[in-house]
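Between the sequences and the hints, there should be enough to build the whole structure, so can you do that?
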Amino acid sequence: MIKFLLKGIIRDRSRSLFPVITVVLGVSLTVLGYSYFNGVMTSWMQTSAKFEAGHMKIMSRAYAENADQTPNDLAFIGVENLLADFKKDFPELLVAPRIRFGGLFDIPDELGETKAQGPIIGLAVDLFSEESPEKDMLNLENAVVRGRMPQKYGEILISDEFARRLNVLPGQTSTLIGSTMYGNMAVVNFTVVGTLRFGVLAMDRGTIIADLADIQEALDMKDAAGEILVFFNDFVYREEAADRITETFNEKYSDKDDEFSPVMVTFYDQGGMADFMGMVSTFQGVLIFSFIAVMSIVLWNAGLMGTLRRYGEIGVRLAVGEAKGHLYRSMILESLMIGVIGTILGTVLGLGFAYFLQSKGINLGNMMQSSNMVINEIIRAKVTPVSYVIGFVPGLLATLLGTSISGLGIYKRQTSQLMKELEV
Amino acid sequence: MEMSNSFLITTKDLVRTFPMGRTKIFALDGVSLNFKAGEFAGLVGPSGSGKTTFLNIVGSLDSPTEGSAVVMGKKIETLSHKQAAWLRNKNIGFIFQTFNLLPVYTVYENVEFTLLLLKMSANERRKKVMQALEWVKLADRAKSKPSQLSGGESQRVAVARAVVKEPPIILADEPTANLDAENSYNILDTMVTLNRELGTTFIFATHDQKVIKYLRRKITLFDGKVAKDEQVEPEKGKGEEQ
Ligand SMILES: Nc1ncnc2c1ncn2[C@@H]1O[C@H](COP(=O)(O)OP(=O)(O)OP(=O)(O)O)[C@@H](O)[C@H]1O
Ligand SMILES: [Mg+2]
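In order, the protein sequences belong to chains B and G. FYI, numbering that gives the first Met the number 0 numbers position 322 of the first sequence as 321, with every residue one higher than the one before it. FYI, numbering that gives the first Met the number 0 numbers position 182 of the second sequence as 181, with every residue one higher than the one before it.
Treat the hints with care, since some could be wrong.
If you only want the chain G side, here are some residues facing chain B, beta carbon under 8 Å, derived [as the list claims (entries may be wrong)]:
#1 Asp61
#2 Ala84
#3 Arg87
#4 Asn88
#5 Phe95
#6 Gln96
#7 Thr97
#8 Asn99
#9 Val103
#10 Phe112
#11 Leu116
Distance condition first, Cα-Cα at most 16 Å in a straight line; then the derived EDC-like pairs of lysine to aspartate or glutamate [as the list claims (entries may be wrong)]:
#12 G:Lys11 with G:Glu76
#13 G:Lys209 with G:Asp188
#14 B:Lys419 with G:Glu173
#15 G:Lys144 with B:Asp11
#16 G:Lys217 with G:Glu229
#17 G:Lys35 with G:Asp228
Hint data in this document are derived by calculation from the structure and do not stem from the laboratory. What you are looking at is a predicted structure, and each value in this text was computed from that prediction instead of being measured. Note that the Cβ used here is the ideal one computed from N, Cα and C, for glycine as well.
Next comes the structure, spelled out in structure tokens:
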């Protein structure tokens with residue numbers, strides 16, 4: 000019977016072509032959509048982790064409370080001791096103490112008068128120590144567009160876009176006007192030695208990258224850091240491990256009654272991360288569901304047209320003694336074959352596009368102009384093992400659904416009319 | 000009652016009405032007929048006299064309004080859809096006025112597909128299909144598509160499809176209506192041969208004089224009633240050897 004049905008599908012294009020095309024389209028879009036969302040997620044996770052959240056993050060309890068305001072007056076003091084202990088407890092993890100700071104960036108002319116000025120967001124990272132992972136992690140060397148990397152204290156990098164706006168050239172002296180940890184005004188001179196472009200809008204608008212020690216000095220934050228980012232050494236986030244480490248850390252180092260004691264949080268525990276992840280998974284669910292719905296309706300109609308067109312065949316089959324239930328099941332079997340063929344083709348096609356977008360990516364920079372999300376402008380798809388099988392959900396479900404409904408027409412056929420119907 | 004055991008088909012006071020506005024049409028109005036194995040019988044009569052309706056009921060495609068029909072020991076009026084399908088599948092072959100071959104399948108597959116419903120090995124199927132195609136002299140066209148056949152050849156495929164299971168009963172509603180004289184005689188000769196060699200009971204519904212010439216029993220229906228039921232000497236198909 001299966002062979003009989005397969006022959007019918009292959010030879011009768013009007014029986015198979017339209018449904019197969021529908022399934023191929025739906026499935027390939029599902030596979031592509033799924034893979035692209037994967038890419039969005041992965042890209043966002045990696046970028047967020049590197050620039051903002053770490054895989055885990057240590058802050059003072061007080062700082063953690065208002066982490067989104069980067070309250071440096073509440074920064075954790077005693078970084079050196081903490082990290083010495085930490086490295087003994089967790090030698091396999093990478094650590095990156097950082098200070099985020101805000102301020103006014105001022106470019107003086109030869110006479111010391113203000114030539115240009117603008118607000119900046121600063122990120123102080125350890126640029127010079129041997130063991131610091133920052134240069135690699137932030138991919139700084141590649142991000143330098145003009146000028147060079149800082150080589151000694153007092154040298155900073157600023158975002159290229161900001162530099163062009165303020166007309167700053169590498170080599171120029173600039174002044175940072177900020178506030179110290181204790182609320183006093185801080186005015187420090189730096190030399191801009193290079194300009195940066197990360198390809199991450201939120202970072203490219205008006206950012207300066209300075210050395211941690213410089214900023215600790217400038218902002219009166221000796222041995223202090225707002226945030227200590229912690230990473231798995233292969234840069235892959237593992238939620239369970241992160242939870243376990245966080246628990247161990249907090250048990251040992253954190254003191255609920257001391258708001259200046261350190262506390263560790265995981266990537267997901269930080270503001271908005273879990274929400275965003277949830278949103279994206281919901282979106283993926285909605286995407287797949289809507290493909291199932293649309294495809295089912297289209298296939299249902301195709302099925303209805305099929306039962307009309309194959310009125311004679313169905314009649315003959317009933318007449319020669321095929322039971323309606325058997326006929327109905329064979330229709331469903333037939334559509335499942337179409338579903339499988341379409342799903343395989345659609346998956347191949349969708350994966351093709353997904354692999355293409357995995358190597359090429361799409362620049363979503365324009366869409367994210369005003370977004371503060373730390374995510375790459377160019378987002379690539381990411382093909383995972385699930386990409387290979389995800390298409391079978393809408394592919395098979397929709398064919399099954401569509402045919403189960405349209406096939407019910409078979410039960411309405413009255414055998415008593417067959418002779419007359421078959422006579423035309 | 001005991002007598003009915005020797006009949007393949009027994010109908011008693013068969014009534015089939017169809018609603019028609021406020022009244023109803025009596026398509027069959029008390030038809031009692033018996034058929035033995037190996038008959039070559041025909042229902043004749045004017046249009047609307049109930050021929051097709053009778054074949055429908057005997058073929059378990061329809062149920063009587065009143066009266067009873069027993070086919071191969073099964074009471075038609077009590078059969079479920081599934082039991083009726085099974086009865087058709089096992090015991091009854093249909094030949095229609097139009098050939099109703101499945102266009103995407105070859106001649107061979109058109110004949111084979113009724114066997115797919117039975118549990119049968121591929122080998123056995125192959126033997127039976129080729130045998131049936133031999134009977135209708137189309138073995139050499141097994142691989143053709145219906146669109147490549149003439150009307151006569153198509154109807155011979157339909158005959159092969161009906162006889163491949165070697166059912167005890169074949170019902171044929173106007174089987175020659177779409178055929179020219181030569182092809183009609185051709186088909187009828189084939190049927191006579193099958194009737195003789197396999198003992199298959201043939202029941203026709205027809206207006207066609209060509210068919211009537213072959214009948215050994217002629218049942219005339221008029222207004223849903225049996226007007227005449229006579230054994231006749233067939234003018235044709237008697238002693239013709241292939
Ligand atoms: N499904 C139906 N609904 C209503 N009336 C019907 C139906 N089937 C048959 N009839 C009526 O029953 C009567 C007998 O019809 P039937 O088809 O059995 O005639 P017939 O002898 O086969 O005629 P023909 O030689 O034209 O094929 C006719 O009057 C017909 O109109
Ligand atoms: Mg008729």
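Unmet hints by their number, sorted upward, for this structure:
none
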